[in-house]
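Q: Please build the complete structure, drawing on both the sequences and the hints.
There are 2 protein chains.
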Amino acid sequence: MDIDLLAQTESLFALSNGHIGLRGNLDEGEPHSLPGTYLNSLYELRPLPYAEAGYGYPESGQSVINVTNGKLIRLLVDDEPFDVRYGELHRHERTLDFRDGVLRRDLEWTSPAGQRVRVCSTRMVSFVQRSIVAIQYEVTPVDAPARIVLQSELVANEQLPPPGNDPRLAALMEAPLEPEETYPNHTGVLLVHRTRHSALRMASMMEHIWDGDDDVLVTTDAHPDAGSVTLSTTLEPGQRFRLVKLIGYGWSSQRSRPAVRSQVMAAVTAAKHSGWDGLLAEQRRYLDEFWARADVRLDGDERMQQAIRFSLFHVLQAGARAEQRAIPAKGLTGSGYDGHTFWDTETFLLPVLTYTAPQAAKDSLRWRHSTLDLARERATQLGHTGATFPWRTIRGQECSGYWPAGTAAYHINADVSDAVLRYVNATEDLDFERDYGLEILVETARMWISLGHFDAAGRFRIDGVTGPDEYSALADNNVYTNLMAQRNLRGAARVAKAYPDKAGEFSVTGAELDQWSRAAESMYVPFDERLGVHPQATGFTDHERWDFDNTPKEKYPLLLNYPYGDIYRSQVIKQADLVLALHLRGDYFTPEQKARNFAYYEALTVRDSSLSACTQAVIAAEIGHMRLAQDYLREVALTDLDDLHHNTGSGLHMANLAGVWLGLVAGFGGMRDHDGALTFAPRLPAGWTRLKFGMTFRGRQLRVDISPSEASYKLQDGEPLTLRHHGQKVTARVGKAVRHPIPPVLTPAPVHQPPGRPPLTGNPVFPWSNA
Amino acid sequence: MDIDLLAQTESLFALSNGHIGLRGNLDEGEPHSLPGTYLNSLYELRPLPYAEAGYGYPESGQSVINVTNGKLIRLLVDDEPFDVRYGELHRHERTLDFRDGVLRRDLEWTSPAGQRVRVCSTRMVSFVQRSIVAIQYEVTPVDAPARIVLQSELVANEQLPPPGNDPRLAALMEAPLEPEETYPNHTGVLLVHRTRHSALRMASMMEHIWDGDDDVLVTTDAHPDAGSVTLSTTLEPGQRFRLVKLIGYGWSSQRSRPAVRSQVMAAVTAAKHSGWDGLLAEQRRYLDEFWARADVRLDGDERMQQAIRFSLFHVLQAGARAEQRAIPAKGLTGSGYDGHTFWDTETFLLPVLTYTAPQAAKDSLRWRHSTLDLARERATQLGHTGATFPWRTIRGQECSGYWPAGTAAYHINADVSDAVLRYVNATEDLDFERDYGLEILVETARMWISLGHFDAAGRFRIDGVTGPDEYSALADNNVYTNLMAQRNLRGAARVAKAYPDKAGEFSVTGAELDQWSRAAESMYVPFDERLGVHPQATGFTDHERWDFDNTPKEKYPLLLNYPYGDIYRSQVIKQADLVLALHLRGDYFTPEQKARNFAYYEALTVRDSSLSACTQAVIAAEIGHMRLAQDYLREVALTDLDDLHHNTGSGLHMANLAGVWLGLVAGFGGMRDHDGALTFAPRLPAGWTRLKFGMTFRGRQLRVDISPSEASYKLQDGEPLTLRHHGQKVTARVGKAVRHPIPPVLTPAPVHQPPGRPPLTGNPVFPWSNA
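Chains as they are written, first to last, in the numbering used here: chain A, 1 to 771; chain B, 1 to 771.
Hints may contain errors.
If chains are identical, the list can't say which one is meant, so a pair holds when it fits in one copy or spans any two.
Mimicking SDA-like on lysine to any residue, the simulated pairs with C-alpha atoms at most 25 Å apart in a straight line are [to be verified]:
#, residue 1, residue 2
1, Lys272, Val119
2, Lys736, Arg104
3, Lys729, Arg627
4, Lys692, His740
5, Lys272, Asp288
6, Lys692, Pro145
7, Lys692, Phe432
8, Lys555, Gln381
9, Lys555, Gly383
10, Lys553, Gly383
Treat the hints as calculated values from the structure; they're not laboratory data.
A: This is how it looks when you write it as structure tokens:
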């Protein structure tokens, strides 16, 4: 138990179903780094100040809040509060169980007065009953009889630590919840609150079940911001006392106090009916189904194998039951980035969820769709037609306070469209395509037309935008943006033609379709003939190279130590941008261009963002830099587990965690899905003996099994499926796997990173076992 | 007396000597738009907030404050307070006298109770005694005897109107002054205050002299934030009571309370010694000398003639006694732009002051020099060598809260250097060159070297900067910036070579000199071969043309109605940028390039800044668009007089006022001063019969007299001077003027402005007479 690592463990051990999120705080509440209980999209508004205001700057932002904390169970042993900082801690183990979907804690502690107890707790956020958190808390005296008191609490407006200067940390908002109602009963408490400015109503309720009712004195206490149920009993050595705490959460922006209160009471009653064992069994069943679809097996690297499951589990937790609410960049594991959603969701998380939990991908895209009216308003405000999605938001309004790295990152609109096209292709969910996808595609296509223009040479240019790389801004013809906009425009035209009646409802005309197609086909993609590479944007390769040699290690991340102006005018890359285009629009580039581009940008990319290494892994693997790909994948896998970016404490990097799967499946599996064709080009790095993964594609379960020499493809169910393996047509069927040899890798010319910026190998900050 | 025009008249009738500034508030204080008493560089700090913070953003800004108001004289007539809003105002005239340097007011008013009085006041801020304000206040009953009470006040922390949403308005700071001392005596009061955060100490003192001591009851009252001297008397009809109020101001960041107090007492005592008539005589003498040097006579346009003297008078007021403090963009006429100084000073004001009041130009440049340590610190913070002057400041620290239109506008460094080179050339002040100029030139040259780089083709590029035009930002190779940096580098190398010992003190090496010269000679200046024009910056001419046709009139200024992103990515120009390069670096361009460039940019320039029309006037005249030049000059002349930008109320646009002189002398006089050569190419527009102006050049008084057909040059004093007239060598001497014919103008191809943006003709908002 290393108290210095509390922040990290609170994030790593976070539990969530996408609707409720609990940081891995200790049951007894203290010590803590950041107490965290979150409800998806329950936010408070805060003013966004500007030293110099500008037209279209958002005036208020949305910040996720720490809601009423129901996970508190304090223990007193002979009146001595259990606190790991006092007495003697003999053993303290916490285990995040990916199969059972619970966080287990097992410890033995001797109080300062000499009483030794064993405590086992199991905490769960139910995937099946999405309003429910359940905790089983067991305490057993070891050597001598003991008086035991358990105080189970509900606490609103917990005091939070003051925020630092790092802009990535959430704004502190003191006491955002105004109490509305307090309902105690014999064995539980219900509290209703409302956020002060955003006017969102929430209810939280705790209920308890325990063993040996006769010997237990129970008292209940309730105040507007705190409820507690106290259980007092005396136990013999070896006699275990077991408490099950059920917590229900509900919230609404519209429903009445009684409605929200009743909704939570009903949820808790249903959970009580299921009982602890029932909840546990449901949770296991839900996860069994997930792992059957989505598990990735890697032989030859046990540590990586564990990191893979860790990442898949958290990606599932972030998206499983988000249900038409946003998936934040840090899921519900911390308040980092104010709980905002960015392009991360569509570009990194949804490609994983589309193939492993397609319903979650659909829900997420339906959330985007639900924000279209706001995006249309924003487009109008910005002088565009169509819709402009916000760079960062919770509910849908733009919350970015620095437009050159916010609103100017128009690529998010193409990223959303790309996710729509991918989801529909992977699922053949034509209802979604017609009822949701079409409108997104149409409105974003319109935005591109109004943003860009045809130049004198007839090329369609998109000027003054910021691409994925946030170390450049306001450039012309960012290659990634232009190529993704091209896909957006083509997709919009194709889908609008497929549903002429529906498209007619959005007033799409034939002339408009022609315009989209013409812009797509005339899309300008700059190329630097001198260097033989694509500039990230017009003029990029003319800029001065960043002085890497004179940049000491401690000056990274650069954005915290150098002015934007200096960074923007230099050739230095925070995160894959052109290289991300090589992945997502790999269909545009020749293999030679990919190799040259990768080598050029590799030498400039410092990875001050967690949204880079996975893309570099994918393209390194495609080009044949197998060792480098492996190293990048390791960095991806360790980013949170070893806190490589030093901010895991404020929440996990969900997109990066999704990047583990992308690195494996798109990288070493060579999976691509351009324009509806599912293709593979698998190849394992030295040391790995087997990589096996499953994907859901068009209603079928595909299993891919890769060894150093060959790959096999088979279906678990459904009609045969035609794929490609290293360019060759392959038909996967139920039953016998088709096996294909893997062609030898042609060793490419070596590449290098900026001095001091090779892939991070990790430096285990705490032991994580291989169990 | 139009109360709706109070804001404008308060600015237009402002008095200042560059050290003290008084807005033209009514003597009785009310009604007012914005009460204003300013002391140059007496500012308060205020936090600069950011929705998303960034490295190098200034954390606090400096805002000019409204200091203790000493100009208040309230009048009671038979206990009825004189207020123009009540009773009947028969006559109310105010006259700003450019020869006497006073503001006169003459009115007759009948009180609600029927008492008619005449009031004459004369207000002066002394050019000669720079700490002194003097007011003569005369009141005469007209029809019947009257009891008259005059309350003369000193008021600190006056309540100010709340600021609007316009970012150009000053931040409101309530009660910035903390009282330190209060000193009443029989006939005066002295108050000492200190600013809360910037810790600047100021003292203000009033003293009074009046007629007819025997009949006057005097009482004095003093509180920490208010002092008053009340004089009560009874007058017969036609009997005049005359009060002279002397106000002294002093402030210091370092000196003690007694020192500051004594300094003000001494100043007031000296002024008392001079007496009202003495002060008036000194003021007249000071201005006689100025007008003898600097007056401009224009025959054929009386209204313009008056506007010329109005502008010259205000430019003098802004700079005369600034004495090593900054000259703010609005002088000391209002709190607009927070009282900050920008590049306006060096690029627009100093070219006028250099030739009309060279001592003021020198003082201003010595102020810049005094901020070099701060500019070096800022350069270090930004990762540059040398010095980086702030975009906006009072004391020298960067106060810009939006870096793409602040810190990124590096051209200010070249603008300062250009002003140094001009001043030295025009004055041959070699002491200044060695002791001040050299260091500025060296440190700015170093900054350019570290900012720019040599590209693969050996060209010196300066990327990611913002030029003068604030409707573009963060562009590569802004032509204006690059050409001005070239002059900066050349000047630094030349001057450093001239003072090798002094240069050695700044560690200038031969290698460094070579580098400056090489960068200057390799300076990259982009050219668009397709269009045959210089792009404002690399890629500018590829951008989409702003949709002028669909921009309604009320959407100007664009920056208040469209997002920066939209504006930046379009071809639309706020203010002369490339066209300013045509003026200041006219030596670089061929006449054909000038004509083509002017035509191209004329069609894109909307003049949402007041720093544009004068430059367009200058280049229009050079190219031969005489009528257009005249129209632009009219716009310049009317900008404040007719409130064309709708913000004259927050202060006069000093650079624009300087632009009147520039439009005349550089425009119709064709005066240029590239690299030390003084040249003229005069040419009058239709309707003007004569333009005559004086300039101080290398210690001589040069008089230029232009008629439609010829120009004559002569000196008032000194050795003969070689000039050029339309390219032809001319020697001006004392005595007989040399006359040269003006070659006929070749009518150039027509140019046009964006729809709805022709030169503004003005729409007189209040009558200003031709007296």
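Q: Tell me, which hint numbers fail for this structure?
A: Checked against the structure, the hints that fail are numbers 2, 3, 6 and 7, while the rest are satisfied.
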